[in-house]
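Whenever a hint applies, use it, and build me the whole structure from the sequences.
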Amino acid sequence: MDFIITILEQGLIYAILALGVYITYKILDFPDLTVDGSFPLGAAVTAALITRGMNPYLTLPVSFLAGVLAGICTGLIHVKCKVRDLLSGIIMMTALWTVNLYIAGTANVPLFSRDSIFKNDFLIGIVPESMKSYVTLIVVLILAVVCKIILDLYMNTKSGYLLRAVGDNETVVTALAKDQGNVKILGLAIANGLVSLAGCVFAQEERVFEISMGTGAIVIGLASVIIGTSIFKKISFVKTTTAVIIGSIIYKACVAVAIRNFEPQAMKLITAVLFLIILVISMERKTKVK
Amino acid sequence: MKKRVLAAVLATMMAATMMAGCGKSETKSEAKKDSYTIGIEQFAEHGSLDNCREGFLKGLEDEGIKEGKNLKIKYKNAAADMGTAGQISDSFVSDKVDLICAIATPSAQSAYNAAMDKDIPVIYTAVTDPVSAELADKDGEAVGNTTGTSDKLPIKEQLEMIRKMLPDAKKIGIMYTTSEANSVSAIKEYESLAKDYGFILVKKGISTTADVSLAADDLLSKVECITNLTDNTVVSSLPTILDKANAKKIPVFGSEIEQVKLGCLAAEGLDYIALGEQTGKMAAQVLKGEKKAEEMNYETIKKPGFYVNKKVASNLGIKVPDELSKSAVESFDEITASKKTEK
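Chains A and B are the protein sequences, given in the same order.
Residue 378 is where the first sequence starts when you use the working numbering, and the numbers rise one by one after that.
Residue -17 is where the second sequence starts when you use the working numbering, and the numbers rise one by one after that.
What the hints contain is simulated information worked out from the structure, not anything from laboratory work.
Note that the structure is a prediction, hence the values are computed from the model and not measured.
Where a beta carbon is used, it is the ideal one built from N, C-alpha and C, also for glycine.
Be a bit skeptical, because a hint or two may be false.
Claimed, not checked - Heads up, incomplete: computed chain A residues facing chain B, CB under 7 Å, no partners named:
#1 Thr383
#2 Glu587
#3 Ile636
#4 Pro641
Put into structure tokens, the structure is as follows:
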């Protein structure tokens, strides 16, 4: 049972990251590598603030804003300097490595003795003893669901429609007399804000900031988005954002199964194979339906 | 529709394997206490860390705890990913192992975090600075149910040894990765000690393996000798640095035995197998109930050993002082091509 809880915890934390990747990859059609830098950015900001005694709940909006700034920078590089999408992400990812080191002070900041959003006097006061081992899961679940709902609501606003239009058909945006560049920057800002928020939550759950924690974050995000969207492609009552969250949990379950049952050296290979199996199954179904 | 059923079956199977795993291990660890289950969590594939693990098992064996006899080992490797490290720690905790052995700082932190409220002792090794990793307090006392060994470099002894080998050298170079906390803290100590031995320290920070070659060229044009830390990125690219240094006849000093085998001139340094053994003995005390992890201070390697590579010395035309060569724990007469060849 503990094991399932761990998967859900990890899956839901990375689900927030996956929601961000969903905006750039699926909606904007923008392969955004900034993620590898903005994920630890959130963690670095969190570590710097918590070690200075800030209330852990306040780190959530601050980390989000830090990510928004990173996203805006990527957007400006792409739109204003006319650098290719992939490259502008790489540039920001590289720059953020140093920024993260400066923000956190060193490459590794432990937070064991500090309060976190999962462990503080307020929570200890209101949570009954029997629920103690579920606290982390409940907090993460609330965060992920809130992010999802806000994102869903936003997508139905005018600005949200424009965002979706940029990815599908850029001329529509221009025809509406809107600058599609600004819409792209907005999308990148929101996406990286979410990614950074995930980094903030992850750092508090693991109670440590480590500079290398962002390496491969984009891969996990993409995998979650693709698994989620392809499994639920034909089930119309499941919102894409929900599908992405479930995709993230499935991805983490794959990793967990690989960790549990196979040689340590084989782990990455097994994860890749499980990933492939899920993709192939869902794709075959699509062709059959046609 | 069929495929959707298949997907559901697959998911159920995955869940079932996980459950099966849980059940099996729980019954085992609840068996009598004359046999133990240890979860070993290593952060990455790395020569020195592998040596730690090997030494750890040897240390346990010396205390009568032998794999296959009264010890069951679960070994997992996080492949240098923090998320995976967290999942591994949690899986050990949910398996209720008797003890977690964590190798390298990120793994140690993640294991400590997972086992904090669960009464599972965590014994770490290859953590350079347990104090700044918040695994021990300022006096070296454990902060929780965790203790272990540090692979802090004997920097004073190293500088003293280099001074003896190269009486005239002035500038000493070090290459390090700016993102490795261990290296940054070692650099600080070098900075404060170098002038005591009449050296000027030239440091060169890099961020990735790709920078090593350029940085080495730059560094070699400025210094008379180079000394190494236990920096993962630099040590993995050691052959590149050695090639360039040899071409310029500049000696490179190592920080542990494997580096000397590979072609560093000498080291006053660590033997990770010995460090692992020391850790294994601490773990045995905890397992047998003689001591609790929280009562034990963390330990450093008791005495650094001097290692020298005679072949390299003759290539460079450097004479190793008799006093030093007599005290050598081990000297090598050849340069090994790769770390792993002898195993």
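So, going through the hints one by one against the coordinates:
1. Thr383: With a minimum Cβ separation of about 4 Å from chain B (threshold 7 Å), the hint on Thr383/A holds.
2. Glu587: This interface hint holds because 5 Å falls under the 7 Å limit.
3. Ile636: 6 Å, holds
4. Pro641: This interface hint holds because 4 Å falls under the 7 Å limit.
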